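Student: Working from the sequences, and respecting the hints, build out all of it.
Chains as they are written, first to last, in the numbering used here: chain A, 1 to 478; chain B, 1 to 433.
With a straight-line cut-off of 25 Å between C-alpha atoms, the simulated DMTMM-like cross-links for lysine to aspartate or glutamate are:
hint, chain 1, residue 1, chain 2, residue 2
1, B, K331, B, E321
2, A, K150, B, D322
3, A, K341, B, D397
Keep in mind that the hints were calculated from the coordinates and are not lab data. The model shown is predicted, which means the values in this text are computed figures rather than measured ones.
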Amino acid sequence: MSSLILIFAPIFLSGFIYLATKKTDITKYLALGFFIFLLFKSVLLYNVLPTSGYMLLGEFLKVPQFSFTLTLQVDHLSVIMLILTSILLILVTLSSWSMKNQAGYFALLIFFSGAIFGVFMSTNLLWFFIFWELTLIPMYFLIGIYGAEKRVFAAVKFFLYTHVASMLILLAFFLLFKQTGTFELTMIKEVVLVTPTLIWWLLFLGFAVKMPLFPFHTWLPDAHVQAPAPISVLLAGVLLKMGAYAMIRFVIFLMPEESQKYAFVLLALGIISLLYAGFMALYETHLKKMVAYSSISHMGLVAIAMSTLSYEGLSASLFEMIGHAFIISPLFLIAGFLHHKTSSWYMKDMGGIMQKAPYISAIFVFAGLGALGLPSTMGFIGEITILLSSMKAYGVWVGIIVLGSIIASSYIIWTMRRVIYGSMSEVVAKTDFTINRVEFFALCIFTFVILFFGLYPAPLFDVINQAFGSMQSLGGVK
Amino acid sequence: MSGFIILFIISLISFTVHNIKVLKTISILGLLGSIIFSTLNYSVPLVGFELTSSIILFEVVLFIVIIATILSLDESIAITQTLFLTTASILLLESSTILTFVLSFEAISIISFVMVSFMRNKKEAMGAIKMFIAGSLSTAIIVLGTALYLIDGHSLLEPISSTLTNFGIFGIWLLLLGVFYKLTIVPMHTWAADSYAQIRPYYAGILSGVAKTVVVVATFKIFSPFILNTFELSSFILLTLAIITMTLGNFLALYSKKVEKILSYSSIAHAGYMLLAFASVKSQYAATGLLYIAIAYIFMQTAVFLLLDKLSNGKGDTSLEDLQGLGKTDKLSSLFLTIQLFSLAGIPLLAGFMGKAVLVYSVVDAGFTYVALIALLNSALSVGYYAWIIKHIYFSDTKTNKLAKVTNIVYISQAILLLGTLYFGIFSFTIFL
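Tutor: Written out as structure tokens, the structure reads:
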């Protein structure tokens, strides 16, 4: 029952919180407190998990005629996602500490937390879909109200694009129900399906948009650029991860045989995303767009690791997902911060920021080095494990994915050269780069996590391996 | 029938009551009484009428919506008209033979003509005349169809016959096409888009939200055995009509600039979705799906038009620009409007989503997977214009605020309708009887 409250209380109370606190500034404290509570709950949940399989948290709102029951079940994978989500929500709240007009903003964040917890906790396909779609609503308003100049276009495009993709997912779920007679994820067996190929493709396309994989990524640069910086963090750190999580759970684990057959599609799209988005980032002079393309490029790596369908590959992909969330977030935050201060998105207006704001520049450089996979950062561990696992699965030729790292080095170092170092531009010279202390604290936490797990990944890998170790016993994956 | 008797008496009394507050109290008490009698399953048996559990549920929902509507009304004539329409709706919903169906259908038509003829300017007169001409034509076609069915040698006093010759099938199809005029199925839709946008929004809400759903539910009840009998032919015709209706409705809505016009086209698109249930009658979920979307639709469509009526002071003709900045000036109204529009767009946790989900599943269940895909994509496309309305409410700055202030009683009535949308979005076991 408590997990049910955890999901529905934020969704329904966010409106009241907004109306009650719109004239005060306690909303952010409420949000922060609630997200810390969520983190606490998820860690508690992690401690009581069985070593393998799902733990049932409860079944609610039963409609047996339609197999429509809110079944809340968690396993290691979903609890890891819950913990990641709650940490990011806390950091997002801290990063938006100096936000103006904030009651609505934080109320929407609270709403979002309920929906996203629903996504990771429910194993009933239809309820999963309901929460999956529900995450769009707060995002639509967060981008549309609090975003930059072209926010309306970006918000509507984001909403429409992902909503259309979701329709494919819904159709696939309906076909699964028709052919198996249940919406319950744990009860569906691949062997009884009549049209597994059609279902696989519908699910794959639907989730590929959210991940996003080339050529379905076009909504992302717009949404990322126009969203306020903390919301970009949420997009990259939570929404994209939601797509990757669904890809693992509803494509790879639900239909291992079909996935085996079409793994090459995932691999090919992953490699194309990696390289294409890398080149786009290299070409881009818009700072935040560069970061957005770098984000797509990293998700390409995640897809490559997934396509191996192996224990090592999936572990590596999950590590990279977590690493990517922490590495890309400070880049987005600092890009947003620089825009806020200099009123420009373009690298040509920046330069020499190191001299005026050394701490922020240092964090940007460090996170950038993480993105290009420098040893001692999380990026390195993620990329090397992905490289090894995919070479093991496909042979040495997959080594071409190191090209991705080389491209990443080029665009990151070149960007640093143009933005952080170099001669000081006029705009930078007359700008004051003081940052809110709380926001700076959030940036420091990101940096600390990148460094800590970059030097000492063992505890994180223990947790991750358990996620797939427990799934291994369910069968299906090599 | 008990609801019918109570409401008929109250409708007749309402002519003599001139105090609006007394009238409101009496009608709401009467509707509450009808709800109680309906839920107690206390019915007066009558030849030609039949009550099923799903019809009882739908009637209760109908009464709740009418209570919310009457709460926000401030003209006694409108209350009287609404009460009469509800009375006729009960007749139509409970009828089980062709004769009672046709007669109560005509009763609803006549009341709706009376409703729209209460016009105050040229624009509303245009809307009323369009509706009247289309309605008369549909009546003519229905009567012709009924006559052909009679000539085929079947009794009108019984449920639809299962041994029809081609002649009889043609007759029934004529009858159905006549009914489709009221349901605004393409190509019989042209009157609706203009008419709903030109008459007073309150009447547009009652006609497109209440009258239309009542007709859909009743038609399904009477004609589903016929469609099942002639499944090959009927499902083909119905699927074609449904696909054309929803696609055209959605595309035309995308190009409209007035809010009422957008909602009229979206109403046409919704008629297309509802028609899918007729086509997939083979599936056991079709009846549930239709009931679900009808219940969802009656809440959301009525709520949106009711609020537009109040915001535009009964004038209608709200352009998208008029809504700009509403999110800042009137937070509650914009919240109500937004949630109901999301429900219309089929966003989860609201009744509109679950209605569409069960409905589209029945299409998949009947084996028309590709039609289901078209329906889903149409539904996704509809987000384009609903999100566009919401964009004007929240994302734009206030320019000229032409909208009227909304009184507290309207908020209460909107809250009732919103609760309905939320309740049926979450507690779907109520529908699966």
